[in-house]
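J.: Sequence:
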Amino acid sequence: MKWLNALKDYKLYLKIERGLSKNSIDNYALDVKKLITYLEDNDINQSPLTINTEVLQQFNYDIAKVVNERTQSRILSGLRSFFSFLIFEDYRTSNPLDLIESPKIGRKLPDTLSEFEIDKLIGAIDLSTPEGERNRAILETLYGCGLRVSELTNLKMSDLFFDEGFIKVTGKGDKQRFVPILKNTQKYINLYVNEIRTHLKIQPGHEDTLFLNRRGKQLTRAMIFTMIKQLAEKIGLKKSISPHTFRHSFATHLLQNNADLRSIQMMLGHESITTTEIYVHLDKSHLSKIVEKYHPRK
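Take 2 as the starting number for the sequence shown in my numbering and just add one per residue.
Treat the hints with caution; some may be incorrect.
Unchecked claim - Simulated restraints on C-beta separations:
1) Thr94 x Ser25: 49 to 57 Å
2) Asp112 x Arg215: 37 to 45 Å
3) Asn259 x Ile17: 39 to 47 Å
4) Lys202 x Ser159: 17 to 25 Å
5) Asp44 x His200: 53 to 61 Å
6) Gln58 x Glu90: 29 to 37 Å
7) Asp99 x Arg215: 25 to 33 Å
8) Ile203 x Glu41: 40 to 48 Å
9) Asp27 x Gln257: 32 to 40 Å
10) Glu234 x Asp44: 40 to 48 Å
11) Glu90 x Gly174: 14 to 22 Å
12) Lys202 x Asn46: 23 to 31 Å
If you're looking for bench data, these hints aren't it; they were derived computationally from the structure.
Ideal Cβ positions, reconstructed from N, Cα and C, are used throughout, including at glycine.
Please build the complete structure, drawing on both the sequences and the hints.
T.: This is the structure we're talking about:
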């Protein structure tokens, strides 16, 4: 079996059997491609069925020289998944990565934004341009609904149920959930839709897409990242932020205002509440306040 054939079958497995999104599948495939490139560059002639622990150990040593521990751990995790797939399909009987340890890494939590910083970022948007009205609606939606950037770019006009106070979100693995949407967020989306979007020349296939670029096509993830980076620079924000920062801030602020973890889990679209517990960091002062307020022996 050749590497590219195995990779093609693996991607199909991730899509059909595991129901992963295109972005997740691409990330898993990228880990395998790194190994393929390493084998080619070092003239190592081993197939997916014959490659052994020694070769993978050397690959691990070499990638450790050029990437950080977190990236190294993620690559090894992706490769473990690939070889587990080969075992599942009876191509191999063992996983050559079983004896290779991933680097020990601490849990790194992303920066969050304070309510003041979010207000300042949104306030820095130039509303004299059509893109400004759109960008304000985008940031209000990211923060107001706690969306992933891919969920935002894929949001449809037909996903808006403002009368009921919800939007329908398609998350990882094409799983759908309904997320409450604030009246304030609805207001900014309606402004964008009625004042800006209605004047665009919308390209075929994008008629139902909510947020569009100037050419009437769906926005890319990179466009959202760039817009946020430029706003952060404009206000002199020193934190390293991304669209995901707004999602994390959404969850953190809800938790700090005593929302329950189960509700946050449902709104974020996490399959397991364990993911939410890791994702939403709790500071000690907040925990102390919860105990003081709710414990029967306070």
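J.: Now tell me if each hint is right for this structure.
T.: Okay, the hints, checked on the actual structure:
The hinted window of 49 to 57 Å between Thr94 and Ser25 is violated, with their beta carbons roughly 27 Å apart. Range check, Asp112 to Arg215: about 30 Å between beta-carbon atoms, so the 37 to 45 Å window is missed. At about 42 Å, the beta-carbon gap between Asn259 and Ile17 stays in the expected band of 39 to 47 Å. For the pair Lys202 and Ser159, the supplied restraint of 17 to 25 Å holds, since their beta-carbon distance comes to about 20 Å.
Between Asp44 and His200 the beta carbons are some 58 Å apart, a value that agrees with the proposed interval 53 to 61 Å. In this structure, Gln58 and Glu90 break the distance hint of 29 to 37 Å, their C-beta atoms being roughly 24 Å apart. Take Asp99 and Arg215: their Cβ atoms lie about 52 Å apart, and the range 25 to 33 Å is violated. In this structure, Ile203 and Glu41 meet the distance hint of 40 to 48 Å, their C-beta atoms being roughly 44 Å apart.
The beta-carbon spacing between Asp27 and Gln257, approximately 34 Å, falls within the hinted interval of 32 to 40 Å. Between Glu234 and Asp44 the Cβ separation comes to about 45 Å, which falls inside the hinted range of 40 to 48 Å. Taking 14 to 22 Å as the suggested C-beta distance range, the pair Glu90 and Gly174 conforms, at roughly 21 Å. A beta carbon spacing of about 54 Å between Lys202 and Asn46 contradicts the range 23 to 31 Å that was offered as a hint.
Of the numbered hints listed earlier, those contradicted by the structure are 1, 2, 6, 7 and 12.
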